[in-house]
Amino acid sequence: MADEAVQLVDVTKRFSDEVVAVDSLNLTIGDGEFFSLLGPSGCGKTTTLRMIAGFEYPTEGSVRIHGHEMGLKPPNERPVNTVFQSYALFPHMTVFDNVAFGLEMKKVEKSDVESRVRRVLDQVQLGHRADAKPSQLSGGMQQRVALARALVNEPEVLLLDEPLGALDLKLRQNMQYELKDLQSRVGITFVYVTHDQEEALTMSDRIGVMSHGKLLQVGDPHDIYEAPRSRFVADFIGEINLLSGQVTAAGSARLGNGVEVGIPQGHPASGEVTLALRPERLAIHRTGEAIADGRNRMQATITRRTYFGDVYFYDVEAGFPEPLEVKEENRPDLGTHDVGDQVVVSWSVGAANLVSD
Amino acid sequence: MTQAPPRLDEEAPVTPELERAAERAESRRGFLIGLPAYAYLVLFFAIPLVLVFVYSFASRSSTGRTVLEDWNLDSYARLVDPLVLEIFVRSFVLALITTVVCLLVSYPFAYYIATRGPGVRNVLLILVMIPFWSNFLVRTYAWRVILGSDGIASQISQAFGGEELRVLFTPTAILIGLVYGFLPFMVLPLYAAIERLDWRLVEAARDLYADGFTAFRKVTLPLSMPGIVAGSILVFIPSLGAYVTPAILGGANTVLMGDYIVDQFLAARNWPFGSALSFAVMFVMLLATIFYFRAGAKTL
Numbered sequence: 011m012a013d014e015a016v017q018l019v020d021v022t023k024r025f026s027d028e029v030v031a032v033d034s035l036n037l038t039i040g041d042g043e044f045f046s047l048l049g050p051s052g053c054g055k056t057t058t059l060r061m062i063a064g065f066e067y068p069t070e071g072s073v074r075i076h077g078h079e080m081g082l083k084p085p086n087e088r089p090v091n092t093v094f095q096s097y098a099l100f101p102h103m104t105v106f107d108n109v110a111f112g113l114e115m116k117k118v119e120k121s122d123v124e125s126r127v128r129r130v131l132d133q134v135q136l137g138h139r140a141d142a143k144p145s146q147l148s149g150g151m152q153q154r155v156a157l158a159r160a161l162v163n164e165p166e167v168l169l170l171d172e173p174l175g176a177l178d179l180k181l182r183q184n185m186q187y188e189l190k191d192l193q194s195r196v197g198i199t200f201v202y203v204t205h206d207q208e209e210a211l212t213m214s215d216r217i218g219v220m221s222h223g224k225l226l227q228v229g230d231p232h233d234i235y236e237a238p239r240s241r242f243v244a245d246f247i248g249e250i251n252l253l254s255g256q257v258t259a260a261g262s263a264r265l266g267n268g269v270e271v272g273i274p275q276g277h278p279a280s281g282e283v284t285l286a287l288r289p290e291r292l293a294i295h296r297t298g299e300a301i302a303d304g305r306n307r308m309q310a311t312i313t314r315r316t317y318f319g320d321v322y323f324y325d326v327e328a329g330f331p332e333p334l335e336v337k338e339e340n341r342p343d344l345g346t347h348d349v350g351d352q353v354v355v356s357w358s359v360g361a362a363n364l365v366s367d
Numbered sequence: 011m012t013q014a015p016p017r018l019d020e021e022a023p024v025t026p027e028l029e030r031a032a033e034r035a036e037s038r039r040g041f042l043i044g045l046p047a048y049a050y051l052v053l054f055f056a057i058p059l060v061l062v063f064v065y066s067f068a069s070r071s072s073t074g075r076t077v078l079e080d081w082n083l084d085s086y087a088r089l090v091d092p093l094v095l096e097i098f099v100r101s102f103v104l105a106l107i108t109t110v111v112c113l114l115v116s117y118p119f120a121y122y123i124a125t126r127g128p129g130v131r132n133v134l135l136i137l138v139m140i141p142f143w144s145n146f147l148v149r150t151y152a153w154r155v156i157l158g159s160d161g162i163a164s165q166i167s168q169a170f171g172g173e174e175l176r177v178l179f180t181p182t183a184i185l186i187g188l189v190y191g192f193l194p195f196m197v198l199p200l201y202a203a204i205e206r207l208d209w210r211l212v213e214a215a216r217d218l219y220a221d222g223f224t225a226f227r228k229v230t231l232p233l234s235m236p237g238i239v240a241g242s243i244l245v246f247i248p249s250l251g252a253y254v255t256p257a258i259l260g261g262a263n264t265v266l267m268g269d270y271i272v273d274q275f276l277a278a279r280n281w282p283f284g285s286a287l288s289f290a291v292m293f294v295m296l297l298a299t300i301f302y303f304r305a306g307a308k309t310l
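Residue numbers (the working numbering), protein chains in the order written: chain A, 11 to 367; chain B, 11 to 310.
I should point out that these hints are in silico values taken from the structure, not numbers from a laboratory.
No false leads were slipped in.
Computed, partial: chain A to chain B, Cβ under 8 Å:
#1 P85
#2 N86
#3 N91
Non-contacting residues of chain B with respect to chain A, defined by C-beta distances greater than 12 Å in every case (computed):
#4 S71
#5 Y121
#6 I156
#7 I166
#8 N263
A few chain B positions that, by computed beta-carbon distances, are all more than 12 Å from chain A:
#9 P92
#10 V94
#11 G158
Glycine is no exception: its CB is placed at the ideal position from the N, C-alpha and C atoms.
Given these sequences and hints, build the entire structure.
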């Protein structure tokens, strides 16, 4: 068996001449991988998932699962199962019958169905609610039934379409851990569609960021967050400061506010560059405070302070069209800055990241 | 002297008396809204029904007058007369077949409408309702023209080398007329039920290895059951008591319950027996409805 669980080759999906939902997408997802497709709504991530499931067929290109061309195979002939957004549990069946559905369709022997359904229901801690109807369960329980209903079939690939979207924050965080644990336990390939960057970062082995039907960047969570290659990826994942400048010499550029700063290697010899800087990589210093070597620095004024409990967010005016955003931990030894304070903002040259437009 | 405005921060404590008063006010308002409906039901349903009920125990004079004395159960005893039973069974079976045919014709049609885009959908729904714009009697007479021995249906049959059609004045003609007349009552509730369906459930079934037909049988059909139940009741009940259609298309040979009851009131002048028949039909309809609702509820 091939190491690739899912392979998308030049996949394009057109709904009409104008609407291109997915645009010549190439992607290989490894066996046993937890892969997230991340992007804003309408970016084509759900359409991509639906093409793997067989609910949509690519206009061009091919979808392969474990090396087998899927072509026009209907969903029931594909070795994948889906956990739907808002679950799509059968309201007229009990929890047990919902979970048993796939096995019964595959004509698994009755006694086998019984034991496998019981086992998977126990796994998601719903053994005691087997006879309940879905409408009698809480959102979190319904979510687990949906998972059980897919997992009981032991699919080669599990497709999850924003499965946590309908849950409240606390429950969502718990389910993130549960899902990740479950995935590493059962060893099934997960393809997880979400618009929530935190979900993608905390659970995935790798993330593919999509926008307007194109796959912009694929990488592990660390790469995606620390080394976004484009303005869109940098901006979509977390908070970011984007600063444009002109290259002046090897390793340095003049920013929009006239300050010359050091830039990381790999930049073009001349012309414009865009620096991406995470708010937590910027430091605020009181005037006169010592600053370590190797850090870029510029004069600035605090224009806003927002309290988030664990952190403070500062808007800092430094001569750019938009204020810089700086994030500082709420620690007594760091102290706080007041609006109007004259400060120096610094960052280490390596903390910035060059992005393309 | 002006009164001081009530202070909003000093709400009066909610006592049980206050709560009860509020409840009473609430139910008074509910009663007022319902009053026209109640008045209508009492005037045009309850009172006539009581009259019919009283009449069914009265006796008939030799000249055909209804005598409101000598109360007896004779009219009810006649219900088990073989002739009456035969008419009843015939009506029941015909209503049943009408319902089944309507269901079989309407389901695919309603499914088709419900799965179209909004534009096409509205056009089709209007087409379903257009027949209502003309008089039912006229439309039923039109069938007489179509089904007659020199009618369009017969001519088409002959053009293809078939025989002259002898459909008019048979139970088949009544069936065609009833199906035609009551089809919209089946299509509309079915459409409503299918249109409401969550199609992701069908996708989920397909995802769980069900082929198209199995997904329909396991998901679409049970979930559209409310529409099936509602449509069947809306077709079965008027079919069982139908009078106009059998009278126009059935001729003299096929007596159904509707004609028979009318005969008792107008021709045979036996109002007590007519009343008893009416009650018997109502009773059967009630039983059928309850049974059907129960069966429908079980599949849900």
